[in-house]
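Trainee: Taking my numbering, I'd label the letters of the sequence shown as residues 22 to 165.
Hints were generated in silico from the structure; no laboratory data involved.
Certain hints may be false.
With a straight-line cut-off of 20 angstroms between C-alpha atoms, the simulated SDA-like cross-links for lysine to any residue are [stated by the list, open to error]: (1) K77 <-> L116; (2) K77 <-> P133; (3) K146 <-> D72; (4) K146 <-> G110; (5) K65 <-> L48; (6) K146 <-> P96; (7) K65 <-> Q112; (8) K146 <-> W120; (9) K77 <-> T98; (10) K146 <-> G121; (11) K77 <-> Q112; (12) K77 <-> P144; (13) K65 <-> P129; (14) K77 <-> I154; (15) K77 <-> F38; (16) K65 <-> D153; (17) K146 <-> V104; (18) K77 <-> V159; (19) K77 <-> L49; (20) K77 <-> V46.
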Amino acid sequence: MIHHTNAIPASRNARGFTLLEMMLVMLLIGGLTAIVVAINFIGKAEQARIDLTITKMRTLQNELQSYSFRHGSFPTTEEGLTVLVNNAGVQDTMLVDQWGVPFGYYAPTNNPAQPYDLLSNGPDKEPGTEDDIDIWYVDQQRQN
22 MIHHTNAIPA SRNARGFTLL EMMLVMLLIG GLTAIVVAIN FIGKAEQARI DLTITKMRTL
82 QNELQSYSFR HGSFPTTEEG LTVLVNNAGV QDTMLVDQWG VPFGYYAPTN NPAQPYDLLS
142 NGPDKEPGTE DDIDIWYVDQ QRQN
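All chains, full assembly: derive it from the sequences and hints.
Mentor: Here's what the structure looks like:
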């Protein structure tokens, strides 16, 4: 009588992966994944700071507009944004960007369409560099 089985006989030369080899592969995959996630997260965190700074600047724009309606003009450079703390109830924390640097405020300007300048030095905290945030420029970019 012939007995058939579906089992494939194991050869002496065939071998599977050891637990150590599988753990090393998983460790390498995990390490590479962590590097990719870290790189993506760093970029997102900086963009989030920029977005929060722009949000603060827009809030200050609204408060400046309200101040102008109540007082007939925008605060001068000398008065600065602190008049909003005293007259509009704005918190001191609103007067600094997400890097802890006070916003630049200059008024009046020579441009009637932009009665004041509201600026952040951006991530590098240095004025006059490429990463500076100008609220009027941000608004122009949003419209385009």
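Trainee: Determine for every hint whether it applies to the structure shown.
Mentor: Structure-based check of each hint:
Annotation: proposed proximity of K77 to L116 holds, straight-line Cα distance about 8 angstroms (limit 20 angstroms). For the hint pairing K77 with P133, the CA-to-CA distance comes to about 23 angstroms; that exceeds 20 angstroms, so the pair is violated. Simply put, K146 and D72 have alpha-carbon atoms about 16 angstroms apart, close enough for the 20 angstroms limit, and the pair holds. Between K146 and G110 the alpha-carbon distance is near 27 angstroms, which puts this suggested pair outside the 20 angstroms criterion.
Note on K65 and L48: the hinted pairing is violated, with a Cα-Cα distance of about 26 angstroms set against a maximum of 20 angstroms. About 24 angstroms separates the Cα atoms of K146 and P96, which puts this hinted pair outside 20 angstroms; it is violated. Between K65 and Q112, the direct Cα distance comes to roughly 27 angstroms. Violation of the 20 angstroms bound is thereby established for this hinted pair. With a C-alpha separation of about 7 angstroms, the suggested pairing of K146 with W120 holds against the 20 angstroms cut-off.
Between K77 and T98 the alpha-carbon distance is near 19 angstroms, which keeps this suggested pair within the 20 angstroms criterion. Between the alpha carbons of K146 and G121 the distance comes to roughly 9 angstroms, so the proposed pair stays at or under 20 angstroms and holds. Annotation: proposed proximity of K77 to Q112 holds, straight-line Cα distance about 11 angstroms (limit 20 angstroms). Of the supplied pair hints, the one linking K77 and P144 holds, its CA atoms being roughly 15 angstroms apart against a limit of 20 angstroms.
As the CA atoms of K65 and P129 are separated by approximately 35 angstroms, the hinted pair breaks the 20 angstroms bound. Among the hinted pairs, K77 with I154 is consistent with the structure: their alpha-carbon atoms are about 12 angstroms apart, no more than 20 angstroms. Restraint check: the Cα-Cα separation between K77 and F38 comes to about 56 angstroms, which exceeds 20 angstroms; the hinted pair is violated. As the CA atoms of K65 and D153 are separated by approximately 18 angstroms, the hinted pair is consistent with the 20 angstroms bound.
As the CA atoms of K146 and V104 are separated by approximately 24 angstroms, the hinted pair breaks the 20 angstroms bound. A distance of roughly 13 angstroms separates the Cα atoms of K77 and V159; the hinted pair therefore holds under the 20 angstroms criterion. Restraint check: the Cα-Cα separation between K77 and L49 comes to about 42 angstroms, which exceeds 20 angstroms; the hinted pair is violated. With a C-alpha separation of about 47 angstroms, the suggested pairing of K77 with V46 is violated against the 20 angstroms cut-off.
Checked against the numbered hints above, the structure violates hints 2, 4, 5, 6, 7, 13, 15, 17, 19 and 20; every other hint is satisfied.
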